[in-house]
Each structure stands twice: as structure tokens, then as C-alpha cells.
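Chains as they are written, first to last, in the numbering used here: chain A, 1 to 326; chain B, 1001 to 1105.
Rather than coming from a laboratory, the hints here were simulated on the basis of the structure. Bear in mind that the values here come from a model prediction, so they are computed numbers and not experimental data. Built from N, CA and C at the ideal position, the CB exists for glycine as well. Please note: incorrect hints may appear among the correct ones.
Stated by the list, open to error - Label pairs and their in silico Cβ distance ranges:
| id | chain 1 | residue 1 | chain 2 | residue 2 | range |
| --- | --- | --- | --- | --- | --- |
| 1 | B | G1097 | A | D20 | 18 to 28 angstroms |
| 2 | A | Q292 | B | P1076 | 14 to 24 angstroms |
| 3 | B | A1082 | A | D308 | 43 to 53 angstroms |
| 4 | A | D20 | B | T1074 | 17 to 27 angstroms |
| 5 | B | G1097 | A | Q75 | 23 to 33 angstroms |
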Amino acid sequence: MSRLLTGPVRRRTATRVDFDVWSTTATLVVTDPDALESAQADLDDELAGIDATCSRFREDSEINQVLARPGREVQLSAMLNAAITQALRVAAATQYLVDPTVAAAVIAQGYDRDIAAVVARAMSDGDIGRPGATTTSRPAPGAWRIRHDPDTASIFVPPGVGIDLGATAKALAADRAAARIAGSTGSGVLVSLGGDIAVAGGPPAGGWRVAVADDHREGSATRQTVSIHSGGLATSSTTARRWRTSSGWVHHIVDPRTGRNPDACWRTASVAAASCVDANAAATAAIVLGSQAPQWLIQRGLPALLIDGAGDATALTGWPTTEVAA
Amino acid sequence: MTQPDSQNSGRALRRKVRRVTIGVVGAAALASAAVTAGLAYAATQGASTATASSESSTSSTGSSEEAGDDAAITQPTQTPAALAPAAQAPAFGSGGGAHAQSGGS
């Protein structure tokens, strides 16, 4: 993949490289220094593939080509088929709390281009999004309306139904890249895309250490450091990807049941799961569910750390409680 | 000449319908039991005080204006898939700096 998609390398060591992608930060760490170059090539290839198939910000992306043909059965590439499969699985598994058909509501809030451009526009205009969008938003149509056959890689999207893969595509890219790198190099690997983390292969002694924070960028205050040995860890936060509109501050997490930002309860939710996709879905669902999130996470056996608006922490289902900063 | 055959055919058809009905009712009962057991199992994975999920039985018709002709399609009431928990819960991380940071992006 060309480096055009990704920004300049921020840091590089024998086993690690950090760079910008999708207006966020990517981190690749391997346990075997000899694997780093090959691992970066694999990661770049996965990022390019996800971008070309799943991005709603590219007119030429495959998902936008699919959405341009509503009411017809359309064949999918292997990668978009995988991304749609995951998005619909996650939607069903979260009782449609994380639903790709939330696209129209997200756009109505002003998130109609890359987040860096959204924030820049808000800073220059001080007023983006449709006026009164938060009062006219409607529920998402519902992912159950989409007919998708993963075996034949075909999809039928009814007219009027949009698809936003933003809630799952980044995490899927992390999962796919980590598995591919571990398989091709034999090295243990950690892939972080904007704080959505997937690990694969043999972990380092003591596991992969992950600092948990409101913001994934280095330098922001961390809550605690935990270690994981497999699967994924992801964090959703209302403090990131937020901008001012004519109706006030909004952020990128939309409740599909209302088409609006969920009621403020948790500002940050971190979840560990068997994959980054599942961890990210659960973290987003927790923000949407608000006060019902603890019971929902406990019922599913998902370890989680929830931070409320006052900064108080709630650790669930085996998440370590030691050293949680106030 | 044809009357006995018709009676036989009618009886055979009724028996067949009865068997199919029993099969459908039985399958529904089994499915219901499986869902109940699944919810109970999920509840036992967390706190003992956790109760069965109410979300799994909710229904929504979504946005009819955006959905066009499919507006009447309602949200499925069953949960066909589940999010998979981690093989092991995170542990307190010690022994050096973090490999990565997880936070909002």
C-alpha cells in the first residue's frame, strides 16, 4: 500500500512503529524485531483494503458503490463481505444498539466527512450540522432490513437505508492485521488503531500492557495499565470526536433508537473481549445503554471499566480494580 | 371405486398434518427452551444477581420515513449471535511502560 493513506511515522524502534491514519494514531508492536518490516507491510495492506471497501468518506469506496444501487442485489468483494458480516453480527449481538444503519443520523449531526475536517469546519464556522438536527433526528432504519448472504457474498440494501461501518471497520482492521501478521511472521503482535487494540501470537512476558485513558493519544492522562494476552481491548469515549453544532456539542456515538447522542452517563467505556470487534462493540453499546450498561456487560461476561462524567470508575466482570486513578 | 381411496387419502393427509403440527410445536418448544437456557447461562457468567436480558425481547419498527416500503419490518426478537468474552480478564499491568494506549479516538 502506498503511504499516501497513512501519515508520517511518529516513532520507530526495533519492535515498534507509530504513525497517523484515518485522523488517528496507529501503533504496531512485534515481539520479534525481524518481523517488523513484514508486519508493517501487512498492516498497510489491510488498512488500504479496509479504506477502499468500507470508507464512507471516499466516493469510490465499494460501500458507497453498493449504496448507490439500492433495492438491488449486489455482489461484494471478500473484504467488504467480511466487514458487512461483522457489522450485522455485531448489530444483532447488541440488540441493534450498535447498528450500521445509523448512517443518516450520524451525517445529520454533521459527521459527513473525515473527523479532522468536521472539527476544522466547526472551529472555522462555529456552527455545523443541520440546524436543529438533534431535535429532528429519527431512529435508524435497523440493520435487520438488510438482506445479506455471506456465503454468496451478496447484499440487498432497501432504498432509504444507509450503512456506516465506522463502528466496526477500524476494529476489524486491527483484528485482521494482527491475525495476518502473527500467521505470516510467527511473531507476537499488537495492533492499535486509535486505541482499538488487537493482539495475536505469543505475547511478551506478562502480557501486552495497555494504558487505559479517556483519549488514546500518548500524553493524555491514563487511568491504569492492564495486561492482556489475547483477543482485543477497545475504548469508546464521548470526549473524543466531538464538535460544536447549532444545537450544542455533539459527539460521534449515536443511539440508533433515537438518532441522537445517548444521555450522558459514562464518558468512557473500556472493554476486553475475544476480538477487537467485539470489545469495541461492547464499549459503544455501554455508552449507548448508560445506566443499564453494567448489568448488560455482566450478563455477557465482558470485563469492563466504565468512567462516569465525574470521573468515578466502575470495574466489572474481573477488570482489575487496583491502581485506577481518580 | 375411488371412495375408499379418497377416505384413505384423507386419513393419511390428516395424520400427516397432525405429525407436522406436532413437529412444529415440538421444535418451537425446543427453541424456546434453548433460548431460556442460553439466557440463563449468560446470566450465570456474570453476577449471580443478574437477570435475563430484557433487551432481547424488545421490538422496534425503526424509522419508517427512511425505510421506504420495508417500513413494516420489525426488529427480530431473538439474538442469533453473542459478543465473545475474552479468554481471560485483563490483569493489572506491571513491569514497564505500556505497549499501547486505549482511549477514545
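Numbers of unmet hints, in rising order
The structure breaks hints 3, 4, 5; every other hint is satisfied.
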